[in-house]
Amino acid sequence: MQRIRIIYSRGEELLYVGNLDMHKIWERTFRRADLKLAYSQGFHPQPRIHQACPLPLGFTSSNEILDFWLDSDESIAQIQQKINEAIQPGMKILQVLDIPLNAPPLQTLVKAAKYVVMFTDAIDPIDLQNKITAFLSKNTCMRERRGKQYDLLSLVQSLEFTETPQPTLEMTLVTLPGATGRPEEVLDELSIPLTSVSIDRKQLIFSNDL
Amino acid sequence: MTIDKTAIPMALKKILPTVQKPGRYYGGELNQVRKDWNAVSTRMALVFPDIYDIGVPNLGIMILYELINSRSDALCERAYLPWLDMESAMRENHIPLYSLESKTPLSEFDIIGFTLPYETLYTNVLNALDLAQIPLRSQNRSASDPIIIAGGHAAYNPEPMAPFIDAFVIGEGEEVIHEIMDAIRNAKEKGLNREETLHTLQMISGLYIPAFYTPVYNLDQTINSIHPIKDGLPKQITKRICARLPDPPTRFIVPSIDVVHNRIAMEIMRGCTRGCRFCHAGMVNRPVRERTVESIISSLEKSLKNTGYEEIALLSLSSSDYTHIQELTERIVERFSERKLTISLPSLRIESFSINLMEKLKGARQGGFTLAPEAATDRMRDIINKPIQAEQLLSTAREIYSRGWQSIKLYFMIGQPGETMEDVQAIADLSKRVMVEGRKIIGKRANLHVGVSTFVPKPHTPFQWACLDPLPTVLEKQNLLKDQLRGPGMKMTWSNPRETILEAVLSRGDRRLADVIESAWKNGAKFDAWQDQFNFNAWMDAFDAHGISVDFYTSRIRNIDEIFPWDHINPGVSRKYLQSEYQKSLKGELTGDCRGNCHACGILPEFNSLRRQNPGELWLCPEVN
Chain L
1 MQRIRIIYSR
11 GEELLYVGNL
21 DMHKIWERTF
31 RRADLKLAYS
41 QGFHPQPRIH
51 QACPLPLGFT
61 SSNEILDFWL
71 DSDESIAQIQ
81 QKINEAIQPG
91 MKILQVLDIP
101 LNAPPLQTLV
111 KAAKYVVMFT
121 DAIDPIDLQN
131 KITAFLSKNT
141 CMRERRGKQY
151 DLLSLVQSLE
161 FTETPQPTLE
171 MTLVTLPGAT
181 GRPEEVLDEL
191 SIPLTSVSID
201 RKQLIFSNDL
Chain Y
1001 MTIDKTAIPM
1011 ALKKILPTVQ
1021 KPGRYYGGEL
1031 NQVRKDWNAV
1041 STRMALVFPD
1051 IYDIGVPNLG
1061 IMILYELINS
1071 RSDALCERAY
1081 LPWLDMESAM
1091 RENHIPLYSL
1101 ESKTPLSEFD
1111 IIGFTLPYET
1121 LYTNVLNALD
1131 LAQIPLRSQN
1141 RSASDPIIIA
1151 GGHAAYNPEP
1161 MAPFIDAFVI
1171 GEGEEVIHEI
1181 MDAIRNAKEK
1191 GLNREETLHT
1201 LQMISGLYIP
1211 AFYTPVYNLD
1221 QTINSIHPIK
1231 DGLPKQITKR
1241 ICARLPDPPT
1251 RFIVPSIDVV
1261 HNRIAMEIMR
1271 GCTRGCRFCH
1281 AGMVNRPVRE
1291 RTVESIISSL
1301 EKSLKNTGYE
1311 EIALLSLSSS
1321 DYTHIQELTE
1331 RIVERFSERK
1341 LTISLPSLRI
1351 ESFSINLMEK
1361 LKGARQGGFT
1371 LAPEAATDRM
1381 RDIINKPIQA
1391 EQLLSTAREI
1401 YSRGWQSIKL
1411 YFMIGQPGET
1421 MEDVQAIADL
1431 SKRVMVEGRK
1441 IIGKRANLHV
1451 GVSTFVPKPH
1461 TPFQWACLDP
1471 LPTVLEKQNL
1481 LKDQLRGPGM
1491 KMTWSNPRET
1501 ILEAVLSRGD
1511 RRLADVIESA
1521 WKNGAKFDAW
1531 QDQFNFNAWM
1541 DAFDAHGISV
1551 DFYTSRIRNI
1561 DEIFPWDHIN
1571 PGVSRKYLQS
1581 EYQKSLKGEL
1591 TGDCRGNCHA
1601 CGILPEFNSL
1611 RRQNPGELWL
1621 CPEVN
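Those protein sequence lines, which keep their order, are chains L and Y. In case it helps, the working numbering puts the first sequence at residues 1 to 210. In case it helps, the working numbering puts the second sequence at residues 1001 to 1625.
Excised from the complex, chain L in its bound form (with noise of 0.2 Å):
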């Protein structure tokens, strides 16, 4: 058996698929691509395909990262060119490696995501500069999600507006399990409707290095 991490990146194509969809997807090209993935014990044995974390519905994103596990013992250059060649439109392989197979579950590693925002509409630089600095000048912002109250100040690590060459906000969220930063509330936080930007997820940040 052998374990394989998948750096790829997420276009428009894909814009609207969710996870589990995105699951079938990989299940799908791993299928396509002739590679004999391993499945689970069980009843009902599962392939055995773990994302490192959700994103979100409208997101692109340009750093995803996925491990499978294979029934065989190909080469990384071999595993790599079978998976280009079975690909869906939108998606592109960055880097593959091979992982091993004791290290620790992809999931239990991301500790924060850094998200770019792009401006689909003309916006005011000054006016946002201004409500990023109120926003972050806060001792708390307290909003609630699912009937739980929490911080969302305290998840955002950091926020930064450019408005050269192009207006562009950088922010990095805290992803842990039951505390996840999500870059639409900060954007609701300061004004900018979701249908006004496009969002890519530029970095997962894992708390020892991949």
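Each statement offered as a hint is correct.
Under 7 Å between C-beta atoms, here's a sample of chain L residues computed to sit facing chain Y: (1) Arg31; (2) Gln88; (3) Thr195.
The set of hints was computed from the structure by calculation and includes no laboratory data. Glycine included, C-beta positions come from ideal geometry on N, C-alpha and C.
Starting from the structure of chain L, add chain Y where the hints point.
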């Protein structure tokens, strides 16, 4: 007012985050074909007139999509109906119905092809045309509007939709689609006007241009004739068939989101030799033609490679009757068993042989086992020509439960001609006996699902003369079954009797119903096939507004020599044969399977030269000399 083609993608980015399942409206799936708009001369959009989730798995669309896109001179893109939330967002933002591939408004295509597998999609067709900002009626379209074509099973009675459709395709599309594309390309090159273009289409065998035909009515409102309005047009439109089933599609569009069927659909044979008298598909899809095992296996191999799907459905009207079914299942198991596939084989006969087949195919996941006895008394089975002994059903059920299945689904149909309450009671009794068998074998784990549909008389079948059961009778029958088919492990589903009335009216309707359809749509009727959307009042108001009686179409007793609105459409099976089958049903006489013993349904005389050119076992009809 409508926004420009180039503005659609940006407008979508704004509205898609606000609707449910936005992935329905964005295209970009694996195996979608994206061609350079300007590099081809003829452009067609195929529309399944329901939402993406239902439309994507449609095999007819897939077949045509692959065939048209295989031409270097043409491109084919797809569209589906938006769900209510998306529709209002589109209307609010002036976004016309667009194709998923290039996000081009449908009005910019040369041809729009609708598939009409069932009648309850008709209002959706009007809604699609309206969303595309194309005039609803053929007579109001201009040179710049696309040619609107429709085909599919419901097109065998085209009359209710006649004013909205420029050309109907009667029969199988695989060969005729190329003739249509050629004709449209030539018409564009020659700069023909709309009327001239339609005229060239009418010259293609299997095409019906309703504007060139006019109905004349008798005083009692029945049809006197439907005849061509000018010389040189055929009096009857004979359906098109492919003498040999062409290679099946293998580059299925694989949606990136979950839809109703996520699978490779493989048609192993077309048509059915059984001759059940209620069955539209069984009559209009004759002659029975089979694919070879070799071709099925190699197409499956290609499809798996192209899609990565984990499920295969082997489709036919009666899988057990496929001549090489044993060999086929063995070869499939031998070839694909390592790939953890789910393989479904619907429409199996009620006998232990079917269980052997299913046992071979069953993989890790095991669903229920479906059987369709349709009726529960010998008398009814003789009427409908589907003879199955109760004892045979019980012993098959016993075997299914004892060989590892916990769940059986039985399909019955109420309301067939001549049915009494005793026949309905027998459905309840038989179902309960099946449940008792299950209990004996696997105890409380045994499940039984009884699906009870209501018979709708269909054109071009022996029951085209029959009456629809009146609403109170249907309710009484359903209530009897609902009362009795309950309890632990037992589940019953039934069809909405008001929806059945609508289906029955539209199935045997004539051209006068077009006004009703349009009014119903204006009253808000759409997605009529969706239980939670079906708006019976919108329809009844429309019937009232036009002074049209529902009973005229549903429960009126039709004379044996009445001219029907679909009589100028020839499915190959002769009216004489249908009539003799109807009369046999009244006497409770069976007609056997037509393999080996031809019952002269009319197919061979109609297509005798095709049969002569394609001898041997490709067709299950006898050879002609």
